[in-house]
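Student: Residue numbers (my numbering), protein chains in the order written: chain A, 2 to 438; chain B, 4 to 233; chain C, 5 to 408.
These are calculated hints, taken from the structure and not from any lab test.
Where hints are given, some of them may not hold.
Claimed, not checked - If the Cβ cut is set under 8 Å, some of the chain C residues that face chain A in the computed set are:
| hint | residue |
| --- | --- |
| 1 | Phe69 |
| 2 | Gly105 |
| 3 | Arg264 |
| 4 | Thr293 |
| 5 | Thr298 |
| 6 | Gly301 |
| 7 | Phe308 |
On a predicted model such as this, the values are computed, not experimentally measured, just so you know.
All C-beta atoms, glycine included, are put in the ideal place defined by N, C-alpha and C.
Read off the chains here:
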Amino acid sequence: MFFYYLRLARISILRHWGLSLLMVTAIALGIGAAMTTVTVNYLMSADPIPSKSHALHTIQLDNWDESNPFKEGLEPPPFLTYRDAKNLLSAKKAQRQTMHTAAKAVIEPLAEEDLPLYVTVRANTADFFTMFETPFVYGGPWQKEVDDNNDLVVVLSEKINERLFAGENSVGKSIKINGDLYKVVGVLANWQPKPRFYHVDKVKAFDDSEDIFLPFTAITRKKINFDDNSYCWGPTTDNWQDYLNSECAWVHFWVEFNSPAEKQQYRDFLNGYVEEQRLYGRFKRPNDNRINTLEQWFKAREVINKDNNMLMAMAFLFLGVCLLNTVGLLLAKFLGKSPEIGLRQALGASKSTLFYQYMVESACIGVMGGLLGLLFTYLGLAGIEVLYGEKMKALVTLDAQLVIFAILLSVAATVIAGLYPTWRACNVAPANQLKSQ
Amino acid sequence: MLSMNNLCKVFQSADIQTHALREVNLSVNEGDFLSVTGPSGSGKTTFLNIAGLLENHSSGEFLLDGENVGALKDSARSRLRNQKIGFIFQGFNLIPDLNLYDNVDVPLRYRGFNARERKQRIHSQLERVGLASRMKHLPAQLSGGQQQRVAIARALATDPRFLLADEPTGNLDSEMAQGVMSLLEEINQQGTTIIMVTHDTELAQRASRSIQIKDGRVSEVPPLMKRVIA
Amino acid sequence: MLELGLIVRALLRHKMAALIIALQIALTLTVLVNAVFMIQDRQASMARDTGVNETDTFYLTSRVFAPGYDYQSEIPKDLDLLRHTPGIIDAVYINSVPLSGYGGYQRLQLQPGKDQSSIIAGDYLSDDHLLNTLELELIAGENFQPEDVLIQDSNSAQLPAKIIVSRAMAAQLYPDNWQRALGSTVYVDENVPLKITGIVKTLQGAWHFWDQVEATIITPVISLTDAGIYLIRTEPGRRDELMPEVEALLAHSNKNRIIRSVTTLQDTRDESYREHNATNKILLLVVVTLVLVTAFGIVGLATFGINRRTRQIGTRRALGATKGQIMRYFMVENSLITLAGIALGAIGAVALNIYLVETFAMTPVTPDLIVYGAIAVFVLGQLAVLYPARKAALISPATATRMV
Numbered sequence: 002m003f004f005y006y007l008r009l010a011r012i013s014i015l016r017h018w019g020l021s022l023l024m025v026t027a028i029a030l031g032i033g034a035a036m037t038t039v040t041v042n043y044l045m046s047a048d049p050i051p052s053k054s055h056a057l058h059t060i061q062l063d064n065w066d067e068s069n070p071f072k073e074g075l076e077p078p079p080f081l082t083y084r085d086a087k088n089l090l091s092a093k094k095a096q097r098q099t100m101h102t103a104a105k106a107v108i109e110p111l112a113e114e115d116l117p118l119y120v121t122v123r124a125n126t127a128d129f130f131t132m133f134e135t136p137f138v139y140g141g142p143w144q145k146e147v148d149d150n151n152d153l154v155v156v157l158s159e160k161i162n163e164r165l166f167a168g169e170n171s172v173g174k175s176i177k178i179n180g181d182l183y184k185v186v187g188v189l190a191n192w193q194p195k196p197r198f199y200h201v202d203k204v205k206a207f208d209d210s211e212d213i214f215l216p217f218t219a220i221t222r223k224k225i226n227f228d229d230n231s232y233c234w235g236p237t238t239d240n241w242q243d244y245l246n247s248e249c250a251w252v253h254f255w256v257e258f259n260s261p262a263e264k265q266q267y268r269d270f271l272n273g274y275v276e277e278q279r280l281y282g283r284f285k286r287p288n289d290n291r292i293n294t295l296e297q298w299f300k301a302r303e304v305i306n307k308d309n310n311m312l313m314a315m316a317f318l319f320l321g322v323c324l325l326n327t328v329g330l331l332l333a334k335f336l337g338k339s340p341e342i343g344l345r346q347a348l349g350a351s352k353s354t355l356f357y358q359y360m361v362e363s364a365c366i367g368v369m370g371g372l373l374g375l376l377f378t379y380l381g382l383a384g385i386e387v388l389y390g391e392k393m394k395a396l397v398t399l400d401a402q403l404v405i406f407a408i409l410l411s412v413a414a415t416v417i418a419g420l421y422p423t424w425r426a427c428n429v430a431p432a433n434q435l436k437s438q
Numbered sequence: 004m005l006s007m008n009n010l011c012k013v014f015q016s017a018d019i020q021t022h023a024l025r026e027v028n029l030s031v032n033e034g035d036f037l038s039v040t041g042p043s044g045s046g047k048t049t050f051l052n053i054a055g056l057l058e059n060h061s062s063g064e065f066l067l068d069g070e071n072v073g074a075l076k077d078s079a080r081s082r083l084r085n086q087k088i089g090f091i092f093q094g095f096n097l098i099p100d101l102n103l104y105d106n107v108d109v110p111l112r113y114r115g116f117n118a119r120e121r122k123q124r125i126h127s128q129l130e131r132v133g134l135a136s137r138m139k140h141l142p143a144q145l146s147g148g149q150q151q152r153v154a155i156a157r158a159l160a161t162d163p164r165f166l167l168a169d170e171p172t173g174n175l176d177s178e179m180a181q182g183v184m185s186l187l188e189e190i191n192q193q194g195t196t197i198i199m200v201t202h203d204t205e206l207a208q209r210a211s212r213s214i215q216i217k218d219g220r221v222s223e224v225p226p227l228m229k230r231v232i233a
Numbered sequence: 005m006l007e008l009g010l011i012v013r014a015l016l017r018h019k020m021a022a023l024i025i026a027l028q029i030a031l032t033l034t035v036l037v038n039a040v041f042m043i044q045d046r047q048a049s050m051a052r053d054t055g056v057n058e059t060d061t062f063y064l065t066s067r068v069f070a071p072g073y074d075y076q077s078e079i080p081k082d083l084d085l086l087r088h089t090p091g092i093i094d095a096v097y098i099n100s101v102p103l104s105g106y107g108g109y110q111r112l113q114l115q116p117g118k119d120q121s122s123i124i125a126g127d128y129l130s131d132d133h134l135l136n137t138l139e140l141e142l143i144a145g146e147n148f149q150p151e152d153v154l155i156q157d158s159n160s161a162q163l164p165a166k167i168i169v170s171r172a173m174a175a176q177l178y179p180d181n182w183q184r185a186l187g188s189t190v191y192v193d194e195n196v197p198l199k200i201t202g203i204v205k206t207l208q209g210a211w212h213f214w215d216q217v218e219a220t221i222i223t224p225v226i227s228l229t230d231a232g233i234y235l236i237r238t239e240p241g242r243r244d245e246l247m248p249e250v251e252a253l254l255a256h257s258n259k260n261r262i263i264r265s266v267t268t269l270q271d272t273r274d275e276s277y278r279e280h281n282a283t284n285k286i287l288l289l290v291v292v293t294l295v296l297v298t299a300f301g302i303v304g305l306a307t308f309g310i311n312r313r314t315r316q317i318g319t320r321r322a323l324g325a326t327k328g329q330i331m332r333y334f335m336v337e338n339s340l341i342t343l344a345g346i347a348l349g350a351i352g353a354v355a356l357n358i359y360l361v362e363t364f365a366m367t368p369v370t371p372d373l374i375v376y377g378a379i380a381v382f383v384l385g386q387l388a389v390l391y392p393a394r395k396a397a398l399i400s401p402a403t404a405t406r407m408v
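With the rest of the complex left out, here is chain A (with noise of 0.2 Å):
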């Protein structure tokens, strides 16, 4: 029967173009703004790292002005000082623990004829490489002992290995930076995690992985500086020591945990850290030591705007609409199918088979929608590339599992939409409806 439903559908919708034509817009216009808001969100909070965003967390600890709190003592700094920092990654209490930040650098030319390179800069220890599982296509990370012995080491990535070294192994040849010669001792694969998970905030969240990577050394031995943002409160002096020193809060500091007890064994440690310095006359403020999933630290930092969240709210709003535009045309269709609806009635057809047939129609009209609803969400989609710029490009594709999504969402939805409809179509008395008119 299914098909015979199927055709009788198609010859209904057929027969009623203008009305057909009308829900099928409204519902693809209602699917199209939901689904590229949705893609939008589901591309945002995507886990950029799967096999690992269980074990990997971000540590926090509020060092702040007793009398002046840190955003209103609502939450801690985002970032370490740089003397916590190194004093967690020396203790080691962790399975995995890095710190990091951003720089910039200029790799100079080393013959005449080239021309300067600006690449930006993840200034790291060597856990980093490990901790993120970053692809190698040559070498490996640095030695452990690199981030204690000062040694000048870089890894490349893709992109640099094949501006400098045309994409050949560069592993133990050199590139200058600041006057100082570094020695590659790795190469990444294209490593795009989306979001950047290990530097996220408002603005930088989808911003692409760092050209090249430099031990942690090269910031504190002022090789080159870091640009990041930096907290500072308390008095400063012009002296680069005293900065490191200083309450600044600038270093991201990560750590790998294989167990829950793992984890509370850390916290454990943390409460301990924090008292320990207190002896020092710092950290006057009450514990606020964190230590951050993935999850919740992307909340924290807004990776997910609100824009989009609120756009979201709007486009599942506007697709309620549209629904309900579709519930009118389909009871003011349906009930005036009810002559029909009688007679079948009285040809043999029971409620339960009229309701099939039915929903077969409303399902026919859903799968429309759905289809060139699909075709909205890939114009929204290539819209808000225009509108919001190449920042946004990997957010914007439609995958497989979107697709499907996109077809149940408007096949439930018109489904549901024409289940009121439908049910008060078949309820008519047949004896009603077949009088003459």
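Please arrange chains B and C on chain A, whose structure you already have, making use of the hints.
Tutor: Below, chains B and C alone, put in the same frame as chain A:
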């Protein structure tokens, strides 16, 4: 094969009770051609609706082939209608969106025949009413008499044992009416039981049995009286 | 009106159909009011004056890479070169560009010492040419003198004696009378005194979304870093022509650096408000389609209702109803449904707004917007039903007798 014992139908609205049928006792036998006459509002249509299982009665007993249909659920009643009963209406009641072929197809679909069987039945029924050549036409492209013939073809397509006709010639001119009436007689002779509601006494006389409904009460018109009236 | 009761009773017989349209109108009003409100909110934020000449100004970054670069002499040399280039009105070396999303800030307190309340302000580090370069309007006090300007390493914590503040900042320091700020002393780093020697009318900071964006100070310091910004104002209309020239000029004058991100202030503003602009465009699209969907929905439903009642309408006409009366019937019917929808929608709009305010920290919607929205939706409903109502009025009285 159809018997009504003390059957009543009461319509209940907010504060008024209307007795449409009162204590109907009637039995119709296989092969009967029963005409039902009576003034407007006497309960003719209600009688037909109940006989056709389109409506339930309020009290009493209604047996169809020995089965008490008062207790049946909607789906069972639908199946009975589909298998045993064919309908012909004053307003033809063809589905305007469907062509003739598809209109005749409707009850066959609900019966669950396979495609070959349906095709064969549609063709033979449309041929019988002389409209096989216009199978792809929509009802609006046909005259009233032709539409009613399609309706008859549709009613007969499932080989029903009963044919219920509600003023089948009411919307037709006399020439067309004669044609439709002859067709019904032919069908009756082939063994189909027919119950026909009409207000046309002349047509009513052509039936083998006649009943009259007045104020919800059914009375049989004896064959003798028929001749007297004639 | 006698007809009104009739219409109401007819509507009540089709309660659900009427309710569905009313709900649709309610939801439309809800979304409409909030979307328009959000658009207005963003428009207002974008319409704020930065206080600077945005049309003729651009900037570039000079990224030094060679070790041992002599900032102390190279930067003044660059500035001298720029200021003497024909077509350039003035140029400065600065730490940050308005609305660029990159900048510094300073905490000022009125009383020296620990535990004093402080006000945070965006901090521009530049010299006595800044007012002229950005065409800032000095409304009290005076500009810096060349000898006020400190030239020092970026890590240096030494502070000058004077600052200029924006009027918004002055008003935050002295809420009763901003003019009192002039000549007063404020403190940074607990006890380092700074004297306010000038007040500019408006100068926005680096972050448009910051609630302290209007509170800014100008500190006469040239902070020497390997990534300095030169901010340049040209004669009107010559900006685009001078941008590549200046880039080449600086690039050739010293090869130990890269000249990067040559950008106009206009592009910076566009980039800064890009999200606002995008959101507004999307919301506008939502509003327009929403209105269209609802309007077509009303047209569709009314047409269907009229088709179903063709015979009834024909009979009314036969019994003496005028075309006007038939039209009026449907217009009144629509207005009753719309009014019900508006009543629901007004509640919905407020509820949604409360939700948005709580979830996204927006400001509450104003009642007048709901009133305007309600009027717009009412007019929309009447316009949408106009065409079907006219069609109904054109139904011939003969329909009554002709229909089988």
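Student: Run every hint past the structure and note whether it holds.
Tutor: Hint check results:
no.: 1; hint: Phe69; verdict: holds (3 Å)
no.: 2; hint: Gly105; verdict: holds (6 Å)
no.: 3; hint: Arg264; verdict: holds (6 Å)
no.: 4; hint: Thr293; verdict: holds (5 Å)
no.: 5; hint: Thr298; verdict: holds (7 Å)
no.: 6; hint: Gly301; verdict: holds (4 Å)
no.: 7; hint: Phe308; verdict: holds (4 Å)
Violated hints are absent here; each numbered hint is respected by the structure.
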